[in-house]
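Engineer: Using the working numbering, the letters of the sequence shown map in sequence onto residues 1 to 131.
These are computed hints drawn from the structure, not numbers from a lab. Glycine is no exception: its CB is placed at the ideal position from the N, C-alpha and C atoms. Please note that the accuracy of each hint is not assured.
When the alpha-carbon atoms are kept at most 20 Å apart in a straight line, the in silico PhoX-like pairs for lysine-lysine are as follows [as the list claims (entries may be wrong)]: (1) Lys7 - Lys29; (2) Lys29 - Lys2; (3) Lys2 - Lys131.
What follows is a list of derived Cβ distance ranges for each label pair [what the hints assert, rightly or not]: (4) Phe100 - Ile3: 22 to 30 Å; (5) Gly53 - Asp26: 39 to 47 Å; (6) Asp26 - Met86: 16 to 24 Å; (7) Val77 - Tyr17: 15 to 23 Å; (8) Gly53 - Val23: 30 to 38 Å; (9) Lys52 - Ile4: 30 to 38 Å; (10) Gly119 - Lys2: 13 to 21 Å; (11) Gln104 - Leu48: 29 to 37 Å.
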Amino acid sequence: MKIIHHKPKNSVTSGPYFPAVEVQEDNIKQLFVSGQGTKDPVTGERFLGEIKGQAIVVMDNLKNVVEGSGYSMDEIVKVTIFLINMSDFEAVNKVYQSYFSEGQYPARSTVAVKELPGGQGVEIDAIAFKK
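Work the whole structure out from these sequences, hints included.
Structural biologist: Right under this line is the structure:
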């Protein structure tokens, strides 16, 4: 088994972890993407505005890590969305859906949490797979 730690260009972390870790065994590759938040990769500042804007920043960050690690968004097989307010589900879902090809949606869980780092309202992690 081979483990590769990815830190794609313009990805940010707020602690002692990598944005993504890839596990390779034989012809199978899996990418585990850490929770992506609303931190702007250029300025390092969190976007804490309306939830639709937060969701766009989060999905852009997720896409940057996934594609920067050599995968495509359509190779994501599992996503977990963390929301501090479930009333934001519909707005986040509309943004989320726009980042995948029609019919290529991954399995997903959405979880309500008490709070997220830096006061953000949404965070998303993912697992991608390819041969």
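Engineer: That 39 to 47 Å hint for Gly53 and Asp26 (C-beta), does it hold up?
Structural biologist: Because 42 Å falls inside the window, the suggested range holds.
Engineer: Does the beta carbon distance between Phe100 and Ile3 stay inside 22 to 30 Å, or does it fall outside?
Structural biologist: holds, 27 Å
Engineer: Verify the CB-CB distance for Gln104 and Leu48 against the hinted window 29 to 37 Å.
Structural biologist: Distance hint for Gln104, Leu48 holds at roughly 31 Å.
Engineer: State, for the Cβ atoms of Lys52 and Ile4, whether the hinted interval 30 to 38 Å holds or is violated.
Structural biologist: holds, 34 Å
Engineer: Can the restraint linking Lys2 and Lys131 be considered satisfied, given a maximum Cα separation of 20 Å?
Structural biologist: Roughly 14 Å separates the two Cα atoms, so the pair holds.
Engineer: Assuming the hint says 13 to 21 Å, is it satisfied by the Cβ distance from Gly119 to Lys2 or not?
Structural biologist: violated, 38 Å
Engineer: Is the hinted pair Lys7 and Lys29 satisfied, with a Cα-Cα distance of at most 20 Å?
Structural biologist: Since the Cα atoms of Lys7 and Lys29 sit roughly 17 Å apart, the hinted pair holds (cutoff 20 Å).
Engineer: Can the suggested window of 30 to 38 Å be confirmed for the beta-carbon pair Gly53 and Val23?
Structural biologist: 33 Å Cβ-Cβ, so the 30 to 38 Å window holds.
Engineer: That 15 to 23 Å hint for Val77 and Tyr17 (C-beta), does it hold up?
Structural biologist: holds, 21 Å
Engineer: Holds or violated: 16 to 24 Å for the Cβ distance of Asp26 and Met86?
Structural biologist: violated, 41 Å
Engineer: Measure nothing beyond the straight line between the CA atoms of Lys29 and Lys2; if it is 20 Å or shorter, mark the hint as holding.
Structural biologist: The hint holds at about 9 Å.
The structure shown violates the earlier hints numbered 6, 10.
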